Amino acid sequence: MSFGALPDEKRGLVGVAFQSKSFALGFVLTGIFVLAGLISFVWTPYDATALAVADKLKSPSSLHWFGTDHFGRDIFSMIMVGARTSIAVAFVAVGIGIAAGVPLGLWAAARQASIVDEIIMRANDLVFAFPALLIAILITAVFGPSAINAIIAIGVFNIPVFARLARGAALTLWTREYILAARVAGKGAFRISGEHILPNIMNLLIVQGTIQFSLGILADAALSYVGLGAQPPTPSWGRMLADAQTMISLAPHMALFPGAAIVLTVLGLNLMGDGLRDLFDPKLRRSRS
Amino acid sequence: MSSLTKLMTTAAILVATSALAPAFAANTAITVGMVLEPPNLDPTSGAAAAIREVTYANIFQGLTRFDANGAIIPDLAKSWDISADGLAYTFHLATGVKFHDGSPFSADDVKFSLDRARAPDSTNAQKGLFADIASVDVVDPATVKVTLKKPNGSFLFNMAWGDAVILSPKSIATEATMPVGTGPFKFVNWVKGDHVELAKFDGYWGTAPKLDKVTFKFISDPSAAFAAMMAGDVDAFPVYPAPENLEQFKADPRFQVVVGNTEGETLLAMNNGKKPFDNIKVREAVAHAVNRKEIIDGAMFGYGTPIGTHFAPHNPDYVDLTAQSNYDPEKSKALLKEAGYPDGFTVSLKLPPPSYARRGGEIIAAELAKVGIKAEITNLEWAQWLEQVFKGKDYDLTIVSHTEPMDIDIYGRDNYYFNYKSEAFKKIMAELSGTTDPAQRSALLKQAQKRIADDYVNAFLFELPKTGVANAKIVGLWKNQPTPANDMSEVYWKD
Chain U
1 MSFGALPDEK
11 RGLVGVAFQS
21 KSFALGFVLT
31 GIFVLAGLIS
41 FVWTPYDATA
51 LAVADKLKSP
61 SSLHWFGTDH
71 FGRDIFSMIM
81 VGARTSIAVA
91 FVAVGIGIAA
101 GVPLGLWAAA
111 RQASIVDEII
121 MRANDLVFAF
131 PALLIAILIT
141 AVFGPSAINA
151 IIAIGVFNIP
161 VFARLARGAA
171 LTLWTREYIL
181 AARVAGKGAF
191 RISGEHILPN
201 IMNLLIVQGT
211 IQFSLGILAD
221 AALSYVGLGA
231 QPPTPSWGRM
241 LADAQTMISL
251 APHMALFPGA
261 AIVLTVLGLN
271 LMGDGLRDLF
281 DPKLRRSRS
Chain L
1 MSSLTKLMTT
11 AAILVATSAL
21 APAFAANTAI
31 TVGMVLEPPN
41 LDPTSGAAAA
51 IREVTYANIF
61 QGLTRFDANG
71 AIIPDLAKSW
81 DISADGLAYT
91 FHLATGVKFH
101 DGSPFSADDV
111 KFSLDRARAP
121 DSTNAQKGLF
131 ADIASVDVVD
141 PATVKVTLKK
151 PNGSFLFNMA
161 WGDAVILSPK
171 SIATEATMPV
181 GTGPFKFVNW
191 VKGDHVELAK
201 FDGYWGTAPK
211 LDKVTFKFIS
221 DPSAAFAAMM
231 AGDVDAFPVY
241 PAPENLEQFK
251 ADPRFQVVVG
261 NTEGETLLAM
271 NNGKKPFDNI
281 KVREAVAHAV
291 NRKEIIDGAM
301 FGYGTPIGTH
311 FAPHNPDYVD
321 LTAQSNYDPE
331 KSKALLKEAG
341 YPDGFTVSLK
351 LPPPSYARRG
361 GEIIAAELAK
371 VGIKAEITNL
381 EWAQWLEQVF
391 KGKDYDLTIV
401 SHTEPMDIDI
411 YGRDNYYFNY
421 KSEAFKKIMA
431 ELSGTTDPAQ
441 RSALLKQAQK
451 RIADDYVNAF
461 LFELPKTGVA
471 NAKIVGLWKN
481 QPTPANDMSE
491 VYWKD
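Going down the list, the protein sequences come from chains U and L. The opening position of the first sequence corresponds to residue 1 in the numbering used here, with each subsequent residue numbered one higher. The opening position of the second sequence corresponds to residue 1 in the numbering used here, with each subsequent residue numbered one higher.
Heads up, some of the hints might be wrong.
Result set (DSSO-like, lysine-lysine): computed pairs, CA atoms no more than 30 Å apart in a straight line [as the list claims (entries may be wrong)]: (1) U:Lys-56 to L:Lys-127; (2) L:Lys-275 to L:Lys-337; (3) L:Lys-127 to L:Lys-150; (4) L:Lys-337 to U:Lys-58; (5) L:Lys-150 to U:Lys-56; (6) L:Lys-98 to L:Lys-250; (7) L:Lys-421 to U:Lys-56; (8) L:Lys-333 to U:Lys-56; (9) L:Lys-149 to L:Lys-370; (10) U:Lys-58 to L:Lys-421; (11) L:Lys-250 to L:Lys-337; (12) L:Lys-281 to L:Lys-333; (13) L:Lys-293 to L:Lys-127; (14) L:Lys-374 to U:Lys-56; (15) U:Lys-58 to L:Lys-127; (16) U:Lys-56 to L:Lys-98; (17) L:Lys-275 to U:Lys-58.
Worth flagging that the hints you see were computed from the coordinates, not collected in a lab. Remember, predicted model here, so these are calculated numbers, not experimental data.
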């Protein structure tokens with residue numbers, strides 16, 4: 001887009017990205033938890049679901065790095081497996097939001113001011129008007145609590161976010177000359193949306209996706225906190241917090257570690273989102289170089 | 001304002017507040033926390049113990065009643081005569097008794113209530129209590145004669161149950177939502193999902209209660225219960241759901257902690273009518289896979305007595321059968337193999353809200369996994385549990401505490417949610433109800449306990465303790481819970 005980008009391209013996109021301190025920090029924070037989640041598939045210090053009531057409420061030690069919970073389960077292992085659950089729920093939920101929301105938004109933009117546009121956007125407004133967690137509770141209440149339903153619930157309220165974003169960004173692009181050229185060349189709205197519009201709004205989607213991802217982690221934690229997320233014995237950060245609540249005077253570490261895990265992951269994702277926004281925003285980028 | 005008037009106003013306010021202070025100090029309202037909300041408020045047509053925990057001795061009264069120690073004492077019947085053959089009970093009723101709607105209580109109400117409870121279409125959850133009644137006759141407005149079909153040694157005990165309270169025919173249609181009884185407190189309102197409010201009934205016939213207002217607040221979440229106690233939103237929690245906090249409450253001078261007994265046999269109930277639990281070997285395998293000590297330590301923080309059958313350990317007739325279903329995972333695996341499930345199987349474990357069930361369920365699921373049984377946990381709300389599991393019998397495994405006293409007879413009911421059908425057990429029960437000799441009764445009760453333990457009907461876990469937490473200034477709460485009840489008639493605040 002801008003010629004000022006040239007020197008950056010030598011370093012590659014990744015190199016540029018790490019120029020942003022917030023992106024780098026966020027990437028490291030998020031990376032730790034993603035890595036922990038991935039490692040948990042092959043190794044955890046202890047079986048995260050194995051109870052050892054005799055060892056309950058042990059403080060952090062060399063044996064149990066993060067201590068044990070009220071059933072004697074190893075909290076470090078539970079955090080690792082919980083990372084997997086949280087990240088998977090948030091990731092798939094954002095995926096649902098993008099997969100359904102972006103095409104809807106592009107379609108609405110392509111048929112600007114038509115009845116299709118109206119129907120799609122008003123339906124989005126309807127979903128958007130509900131508080132996100134309320135929708136999630138509604139869905140899990142009707143279909144029963146489980147990780148799958150939590151994913152669907154969080155995914156549904158991601159749809160309008162992406163639909164609006166895609167439509168708004170696409171609308172400004174539709175007025176551009178190169179789109180006009182493509183139309184003159186005989187390309188249909190479908191091909192234009194896919195070949196010219198989508199690639200040009202991708203950066204916006206990535207930034208929004210990162211932010212929605214962090215909201216997804218929070219929503220999953222909130223749902224499992226009230227017992228509507230992944231069901232026991234599958235560890236989840238939200239339920240670990242809920243279990244810790246009455247034990248807080250006996251074993252503060254039970255609340256501390258899952259709480260810290262949630263905070264750090266969400267912080268990491270938000271920092272990454274901020275960094276990416278700086279990176280993709282041409283105005284900010286020029287001022288930096 | 002001149003400084004003189006200012007001074008005078010201040011003085012006046014000081015005088016006024018100091019005069020008012022004693023009036024504030026005499027607290028006559030109490031908020032009592034309960035884990036489960038009653039599905040309705042008619043104790044004569046619902047099995048949930050929560051109904052009686054609100055209404056018993058507060059709103060409703062029976063001919064006889066349980067006192068705090070579980071002894072049977074007179075209530076609406078001041079006294080009674082028993083005929084020599086043990087068949088006719090003549091109850092002399094209290095006089096001057098009024099229902100909360102102002103109508104007078106008389107022998108007709110007793111006849112109406114007992115006849116209603118024992119009618120073929122009765123929805124009473126404990127119809128067995130009335131099974132031996134042949135007829136109820138009104139002798140005069142203050143005397144009722146109950147004739148039995150055969151002598152029944154526990155008839156006065158039966159009449160003390162919360163299910164045998166006396167109702168007024170006038171209010172019967174709305175009893176479930178607007179209960180009207182003869183007790184010291186009258187119903188004020190019920191905010192569903194939150195609380196039931198009672199107020200002192202001015203026309204009460206007995207000793208007037210010291211409290212003016214009683215609120216039962218329903219909090220099933222242990223952490224919310226903790227917060228409510230700490231903040232003073234709840235003054236007393238008779239069965240506090242988070243035993244891990246008891247030490248903290250004990251150390252805090254603002255609170256008193258009284259741990260007593262309940263009549264609550266906590267069970268891992270198995271659906272005897274459904275595969276694979278229709279096979280006694282599988283049930284025995286489950287019984288050996290369950291480690292009671294681990295459950296009591298893990299879910300109850302050590303509070304609770306292990307049981308090996310459906311009987312309260314503090315009862316003199318209790319037989320300790322815990323050794324028969326000891327923790328032995330190897331034996332359990334062998335039994336599963338014999339039963340044709342060498343690789344185990346997958347079943348559902350449906351859990352109601354109390355923390356003993358939710359936490360115990362997690363522990364039991366892990367223990368069952370060790371012998372190859374995969375129990376998938378589903379957490380249900382109380383109303384859902386009553387509907388699906390208790391009424392619908394749609395479950396494989398569940399955990400719940402049966403808090404009624406001497407309720408071993410539930411194993412003789414065909415339609416009960418255990419789906420346990422045993423002619424041998426029914427025979428013991430039939431014999432028991434016809435026996436008045438204490439020694440023989442004791443022998444039969446022991447036989448019944450042995451029978452269900454031998455049939456491994458359920459995995460018997462522990463006797464639920466009454467972990468009572470209350471503000472240190474409250475006097476008169478029950479230490480034990482001999483029947484599901486929170487009797488507030490003698491509770492008061494000391495200064």
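- Item | Which numbered hints fail | 1, 4, 5, 6, 7, 9, 10, 11, 13, 15, 16, 17
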